[in-house]
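A.B. asks: What follows is each chain in one-letter form.
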Amino acid sequence: MGMTVVEKVLARATGQAAAKAGDVLEPAVDVAMSHENAALVLNQFLEIYQGTGLEPRVWDPSRIAIIFDHRVPAESAKTATNQQKTREFAAQQGITRFHDIRGDEGGICHQVLPESGYVLPGYVVVGTDSHTTTHGALGAFALGIGATEMASVWALGTLLNFEVPRTIKVVVTGKLGRHVSPKDLILHLLGKLTSQGANFKVIEFHGETIRNMSTCGRLVLCNMSVEAGATSGIVPSDDETHRYLREEAGVRGELRAVTPDRDAVYDQVVEIDVSTLSPQVACPHAVDNVKPVEAVQGVRVNQIVIGSCTNGRLDDLAAAAGILKGRKIARSVRMLVFPASWKVYREALKRGYLGDLMDAGAVIMNPGCGCCLGIHQGALADGDVALSTTNRNFPGRMGNPKSEVYLCSPEVAASSALAGVIKDPRMGD
Amino acid sequence: MSANQKAGNESQTSTVVMALGNDISTDAIYPGRFMATVLPTETPQYAFADYPEFRAQLKDGRMPANSVIVAGANFGCGSSREQAVSCLRGHDLTIVAKSFGRIFLQNAVNLGLKALACAEIEACAGDTLEITEDSIHNKSTGKRFAIQPLPPTKQAMMAAGGLIAYTRQRLLARHSGV
Numbered sequence: 238m239g240m241t242v243v244e245k246v247l248a249r250a251t252g253q254a255a256a257k258a259g260d261v262l263e264p265a266v267d268v269a270m271s272h273e274n275a276a277l278v279l280n281q282f283l284e285i286y287q288g289t290g291l292e293p294r295v296w297d298p299s300r301i302a303i304i305f306d307h308r309v310p311a312e313s314a315k316t317a318t319n320q321q322k323t324r325e326f327a328a329q330q331g332i333t334r335f336h337d338i339r340g341d342e343g344g345i346c347h348q349v350l351p352e353s354g355y356v357l358p359g360y361v362v363v364g365t366d367s368h369t370t371t372h373g374a375l376g377a378f379a380l381g382i383g384a385t386e387m388a389s390v391w392a393l394g395t396l397l398n399f400e401v402p403r404t405i406k407v408v409v410t411g412k413l414g415r416h417v418s419p420k421d422l423i424l425h426l427l428g429k430l431t432s433q434g435a436n437f438k439v440i441e442f443h444g445e446t447i448r449n450m451s452t453c454g455r456l457v458l459c460n461m462s463v464e465a466g467a468t469s470g471i472v473p474s475d476d477e478t479h480r481y482l483r484e485e486a487g488v489r490g491e492l493r494a495v496t497p498d499r500d501a502v503y504d505q506v507v508e509i510d511v512s513t514l515s516p517q518v519a520c521p522h523a524v525d526n527v528k529p530v531e532a533v534q535g536v537r538v539n540q541i542v543i544g545s546c547t548n549g550r551l552d553d554l555a556a557a558a559g560i561l562k563g564r565k566i567a568r569s570v571r572m573l574v575f576p577a578s579w580k581v582y583r584e585a586l587k588r589g590y591l592g593d594l595m596d597a598g599a600v601i602m603n604p605g606c607g608c609c610l611g612i613h614q615g616a617l618a619d620g621d622v623a624l625s626t627t628n629r630n631f632p633g634r635m636g637n638p639k640s641e642v643y644l645c646s647p648e649v650a651a652s653s654a655l656a657g658v659i660k661d662p663r664m665g666d
Numbered sequence: 002m003s004a005n006q007k008a009g010n011e012s013q014t015s016t017v018v019m020a021l022g023n024d025i026s027t028d029a030i031y032p033g034r035f036m037a038t039v040l041p042t043e044t045p046q047y048a049f050a051d052y053p054e055f056r057a058q059l060k061d062g063r064m065p066a067n068s069v070i071v072a073g074a075n076f077g078c079g080s081s082r083e084q085a086v087s088c089l090r091g092h093d094l095t096i097v098a099k100s101f102g103r104i105f106l107q108n109a110v111n112l113g114l115k116a117l118a119c120a121e122i123e124a125c126a127g128d129t130l131e132i133t134e135d136s137i138h139n140k141s142t143g144k145r146f147a148i149q150p151l152p153p154t155k156q157a158m159m160a161a162g163g164l165i166a167y168t169r170q171r172l173l174a175r176h177s178g179v
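First to last, the protein sequences are chains R and B. Under my numbering, the first sequence has 443 at position 206, and the numbering climbs by one with no breaks. Under my numbering, the second sequence has 154 at position 153, and the numbering climbs by one with no breaks.
By construction, these hints were calculated from the structure, which means they are not laboratory data. Just to be clear, a hint being listed does not mean it is correct.
[Claimed, not checked] So the derived list for chain R, only partly shown, Cβ under 10 Å to chain B, looks like this: (1) K315; (2) T365; (3) L397; (4) G611; (5) R629.
No experiment lies behind these values; they were computed from the predicted model shown. Ideal placement from N, C-alpha and C gives every residue a C-beta, glycine not left out.
Sequences and hints are given; from them, build the entire structure.
C.D. replies: Structure representation (structure tokens):
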């Protein structure tokens, strides 16, 4: 019987010839990523060692990555203190993949990992962040876990009692239209699957549309797979994966090819033709409350957000700048742009995108999670409506339960910024 | 531990303190703006921070013994933040939901929060539930519902006292060469 990608990855990670959905395994972890919540992980890690007489040492400091992104620079003394504890721990344990608040290597963990070449096809990646699913775009099996589970990984280097998930195969055909992007595809899929349609399962992406898509776009698909509950999104590795890793992430050495067997067994197959797909919008207060942009045109917006681990990459900034260049956003809106990393920031600056966005009236923020989860920067007023390229719109997500969040692509965000209301980017002027 | 709480197959009489719908996210259970607070000893103060009435009830210590939150499908969806589990664990709450988000359920097992999956559950705030190992009897409506058991691997973790104790055992076994 053939294997899906996740079955192959987990077979290798346990040194077995084969694995199948439902098997309970103890896979070895290749990359263990945390952000500010490393402060909780290290608290739990030290607790594991209590009373053992053993000195607390992480299993392999070279496989741990810590990236500060949720509250950078620190918004409070509490955060600063947590960051300081983590900084000291990283130094003490010899964790070299530690990305502090720095303009040369900082950014959102789900951009820093790929662009630094930390994630390779066939890897098992765990992160104390639900959007760790993002890294499946490079042919890895990548999943979010809690802080205590991460503490266990830091101690043992394996995931205990892990059940191999079943896989949903999504086959995408057709060419995305002008101003229609990977974000629209994933929002459309979320509407179809619902917020729990892939709970405990993996989504494997296939088809000509995926083969022709940049890694930047694939990261968007895998990032939001978790919004259907998926354990991981996965794009089988191909030439584009290898191109990205060689040219953009500076990876040398051998790269594994990770593809499913022809006779792999899938839980479900979903087919999507994107050739007539409209830009999509997820309406308050659910990620699966998805409508074509035509159905929500004219909704007043107060704050436009472009950025996050979903849509803060170069393709996204290019798309927004392309629409806003030489124009002015409506005086009734505030527009915040959070590039996903300083590397992205620098490249967008060099290409003139940031200048175009600023000239249009946008505020360029420092790379980080920003207002996506309502911690700091860009708080919403009572009654405010945000239109955002981020990934969640649960009640109160951006910090104010009396506000509303709509989710969309950078193209829809940019055209709506000009109009002050939600506007289809295909409508032109 | 209250007098009603017994081990094994014995039943526990519980009170529903809040009934919620589907897709209650970790943002609702523990809003992102409190994420700088991480320690399980400190998180309970922010449980359901945007539900003023319920929060007041938690704060005043007006919770009946064996309090239960009943919810629809996909409880705990969204973020992996463990605070969403530790804050409920700190109030000694039991969660009965039609289903749970994957990460939340795993975190509940890891931290020893009682999270019972009960696909058909129907209950309102104020109802009295008789909970046994495999079923829930809503004494206020007379209806009975089956509990879907955790897989054996998760039960083993619960039985060990949570993931910290379980990992500690593994670590010691590894170091003693077992």
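A.B. asks: Is the interface hint satisfied for R629(R)? The criterion is a beta-carbon contact with chain B at less than 10 Å.
C.D. replies: holds, 6 Å
A.B. asks: Restraint: L397(R) near chain B, CB-CB cut 10 Å. Satisfied or not?
C.D. replies: This hint holds: L397(R) lies near chain B, its Cβ roughly 7 Å from the closest one there, short of 10 Å.
A.B. asks: Does G611(R) hold up as a contact with chain B if the rule is Cβ-Cβ below 10 Å?
C.D. replies: G611(R) check passes; min Cβ-Cβ to chain B is 5 Å, inside 10 Å.
A.B. asks: A closest beta-carbon separation below 10 Å is what the hint needs, so does T365(R) meet it against chain B?
C.D. replies: With a minimum Cβ separation of about 6 Å from chain B (threshold 10 Å), the hint on T365(R) holds.
A.B. asks: Is the shortest C-beta separation between K315(R) and chain B less than 10 Å?
C.D. replies: holds, 4 Å
In this structure, every one of the numbered hints holds.
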